[in-house]
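Throw the hints in and build the complete structure from the sequences for me.
Taken in order, these protein sequences are the chains called A and B.
Sequential numbering of the first sequence, starting at 1, is according to UniProt numbering.
Sequential numbering of the second sequence, starting at 1, is according to UniProt numbering.
A portion of the hints provided could be inaccurate.
If several chains are the same, the list does not tell them apart, and a pair holds so long as it fits within one copy or across any two.
Claimed, not checked - Each computed DSS-like pair below joins lysine-lysine, with the alpha-carbon atoms no more than 27 Å apart: (1) K272 to K220; (2) K276 to K373; (3) K351 to K115; (4) K29 to K351; (5) K238 to K276; (6) K115 to K64; (7) K3 to K394; (8) K272 to K95; (9) K195 to K64; (10) K276 to K49; (11) K49 to K394; (12) K97 to K239; (13) K196 to K64; (14) K95 to K195; (15) K351 to K373.
Worth flagging that the hints you see were computed from the coordinates, not collected in a lab.
Here the structure is a predicted model, which is why all the values come from computation and not from measurement.
Number of protein chains: 2
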Amino acid sequence: MEKNVLVIHGGGPTAVLNASLYGVIQSAKESGEISHVYGAIGGSEAILKERFLDLMQFPEETLKRLLTTPGTAIGSSRYALSEEDYARMPEIFAKWKIKYVLPTGGNGTMDTCGKIRRACEGTDIRVVGIPKTIDNDIAVTDHTPGYGSSARYLAETVAEIGADVKSLPIHVCIVEAMGRNAGWITAASALAREKKGDAPHLIYLPERPFREEEFLEDVKRLYEELGGVVVAASEGLKKENGEPIVPPIFRSGRSVYYGDVGAYLAELVIRKLGIKARSEKPGICGRASIPLQSAVDREEAVLAGRTALESALGGQTGVMVSFVREASEDGSYRMHPGTVPIEEVMMYERKVPESYINERGNDVTEEFVSWCKPLADVHHREFIDFQEYYWERKGKRE
Amino acid sequence: MEKNVLVIHGGGPTAVLNASLYGVIQSAKESGEISHVYGAIGGSEAILKERFLDLMQFPEETLKRLLTTPGTAIGSSRYALSEEDYARMPEIFAKWKIKYVLPTGGNGTMDTCGKIRRACEGTDIRVVGIPKTIDNDIAVTDHTPGYGSSARYLAETVAEIGADVKSLPIHVCIVEAMGRNAGWITAASALAREKKGDAPHLIYLPERPFREEEFLEDVKRLYEELGGVVVAASEGLKKENGEPIVPPIFRSGRSVYYGDVGAYLAELVIRKLGIKARSEKPGICGRASIPLQSAVDREEAVLAGRTALESALGGQTGVMVSFVREASEDGSYRMHPGTVPIEEVMMYERKVPESYINERGNDVTEEFVSWCKPLADVHHREFIDFQEYYWERKGKRE
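Given below as structure tokens:
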């Protein structure tokens with residue numbers, strides 16, 4: 001009897017979302033049990049409109065390019081499904097002989113995943129979620145595919161910005177990082193450092209209340225010491241009272257538009273300290289960069305796709321693929337995939353824990369760096385700095 | 001008799017500024033005539049403070065890393081030299097046996113170059129400028145080292161953003177590009193395109209007055225047609241009356257701080273059209289990226305350094321290295337370096353010519369693309385788009 005797979009992408013993409021899709025297709029081919037792997041064209045609403053494209057029809061050389069294609073090759077959406085929508089699904093799946101449904105996404109998509117599973121109660125349809133988010137805010141997994149690449153992007157970009165700012169050290173540069181509620185990406189900027197004094201010099205996460213006075217004190221001190229200062233700041237920084245430091249500039253329906261934290265902080269430095277400042281906001285460049293994809297992240301994204309289908313073929317349903325980090329005696333990185341009940345995941349946002357943030361709340365700890373390092377797979381490029389060489393021999397910078 | 005070289009870096013760096021320095025050192029070694037190549041540590045003021053570091057002391061494997069180090073390895077400054085400063089220079093050069101002075105920079109540095117030359121009138125000291133700018137706004141040369149890499153960065157980044165926006169096509173994405181008075185970098189975003197419909201969908205340069213009504217009309221039309229719209233906008237867009245579209249937010253001494261054009265345009269789209277919008281501002285990431293360095297640009301930057309010293313050794317002074325593009329019958333790119341009198345260069349800003357901008361002022365012409373293509377050396381990455389495949393077979397997008 002014909003058995004098919006359906007993959008649905010939800011929410012914003014990552015640099016390795018297509019790699020998970022590739023993993024599903026590879027696993028389907030190898031299993032010998034699957035006739036078609038359908039991609040839902042344009043996210044969850046495509047299920048209702050039966051916009052299904054068979055991906056097994058494409059030659060391997062085409063499919064392989066999924067590994068280095070940003071965005072999502074099958075399309076995504078933020079469509080909000082209704083109870084009625086869910087109720088229609090089992091019939092549609094039956095019509096297309098879809099036995100394995102693999103929603104891929106973040107917290108919102110895992111909620112959808114749970115609801116599809118409930119709608120399919122009593123059928124032999126199996127629903128397994130594939131985690132995907134640059135933000136790394138999904139619970140009950142060591143980390144999520146997509147995070148490692150956004151971490152590598154920010155770390156290597158901040159290292160390059162560090163070299164740039166150091167060469168003309170007359171200003172403060174604020175680099176705004178994505179992640180409105182969780183500071184995982186911002187924290188990864190710490191991986192830019194190779195030695196003392198390297199950028200970033202300050203790191204601010206949304207997990208801690210942002211205190212302007214302390215920020216200005218820290219910037220002033222570092223500017224006097226170094227000349228050029230590089231600050232990594234989360235787009236979602238909040239005040240003590242929980243309000244964003246930059247008030248929403250516009251609301252429209254369910255959408256809220258915030259001003260840019262980087263630009264706000266740069267202006268603060270100029271006005272309050274009289275020091276030159278500018279801000280950079282690479283934004284979605286950081287989740288779309290193929291040259292700065294983490295190879296570890298890409299391989300793990302493929303593995304997540306494979307594991308999802310294998311788990312479903314093995315009889316599991318109502319679960320999400322998770323990554324379990326193994327304790328290793330030599331400190332090397334080892335991970336194996338598992339599955340967790342979807343109820344444990346749904347709609348719960350995982351924040352950066354206290355032990356990963358320093359006391360003053362202007363940096364991360366070594367514990368975070370050790371945790372993040374293998375995922376981001378940062379390539380340090382050994383920049384040359386004759387200025388530093390000169391001043392080290394002189395003993396003291398003028 | 002001992003003869004030495006002095007290289008001075010001025011202004012903001014590029015992705016290949018250190019490559020020109022490498023070219024000077026290589027040429028010095030090969031000439032057999034030079035004892036030391038000094039780097040001025042920290043820009044033009046380093047001349048007065050005699051902060052000179054001999055770069056020929058370093059092994060080749062260290063020097064080679066200059067090719068892939070962003071920023072400037074010897075440091076730069078924006079120090080404004082006085083008449084008195086210039087007057088002191090000949091004596092300092094004599095003391096250090098510096099016969100060849102090679103200031104590397106943009107328009108401001110070429111002005112400095114001319115003034116050093118005048119100060120050295122009547123001596124055997126020779127002064128040759130090495131052009132450097134991401135902005136490509138130096139006159140009397142086909143293009144300048146540094147531009148090709150910033151062009152490649154923007155083009156490949158916009159291609160990746162295009163794939164990202166296309167996969168969840170519910171918003172307008174404004175990418176702000178550097179270049180306040182000249183739109184060369186912004187224009188290079190056009191090289192992201194491989195086929196009709198590819199990002200960027202609109203391109204706005206500071207050479208043309210920006211008309212908000214037309215912009216909103218164009219965005220609305222494209223949003224209805226495509227869903228996701230990607231706009232490349234120069235940070236220096238101006239109104240009909242010549243004022244910046246975003247008024248300065250702060251003035252302090254000689255410095256003026258502008259608000260972000262990208263954020264301003266995104267807000268305009270949200271408020272006036274009710275369409276979701278966001279902005280990305282990679283900023284200095286685009287002049288510091290080593291993975292997106294243009295190989296052509298890097299090689300030409302080395303060549304510029306070599307040519308500068310060779311010209312000085314050959315007896316020239318008061319000139320800047322220039323690039324002359326050769327007419328070729330088969331359309332292939334050929335260039336040879338030359339020199340131009342510094343007076344022809346000084347303080348003149350080269351803008352994007354009218355023939356490179358389309359009539360409506362919302363795109364560039366094919367003539368520009370042909371001119372820019374060999375410099376940026378863009379690697380098209382063959383992204384996979386199953387959405388597009390699906391809708392092409394369906395005939396019409398829903």
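Results of checking the hints against the structure:
1. K272 to K220: Classified as within; 10 Å inside a copy, 40 Å across copies.
2. K276 to K373: The answer is neither: 32 Å in one copy and 35 Å across copies each exceed 27 Å.
3. K351 to K115: This pair counts as within: shortest intra-copy Cα distance 24 Å, inter-copy 57 Å.
4. K29 to K351: neither (37 Å within a copy, 56 Å between copies)
5. K238 to K276: So K238 and K276 pass the 27 Å test inside a copy (24 Å) and across (23 Å) alike.
6. K115 to K64: neither (32 Å within a copy, 58 Å between copies)
7. K3 to K394: between (73 Å within a copy, 25 Å between copies)
8. K272 to K95: neither (65 Å within a copy, 44 Å between copies)
9. K195 to K64: between (38 Å within a copy, 21 Å between copies)
10. K276 to K49: between (54 Å within a copy, 24 Å between copies)
11. K49 to K394: between (71 Å within a copy, 13 Å between copies)
12. K97 to K239: neither (52 Å within a copy, 59 Å between copies)
13. K196 to K64: between (41 Å within a copy, 24 Å between copies)
14. K95 to K195: neither (60 Å within a copy, 37 Å between copies)
15. K351 to K373: within (18 Å within a copy, 45 Å between copies)
Comparing the model with each earlier hint shows violations of hints 2, 4, 6, 8, 12 and 14; every other hint is respected.
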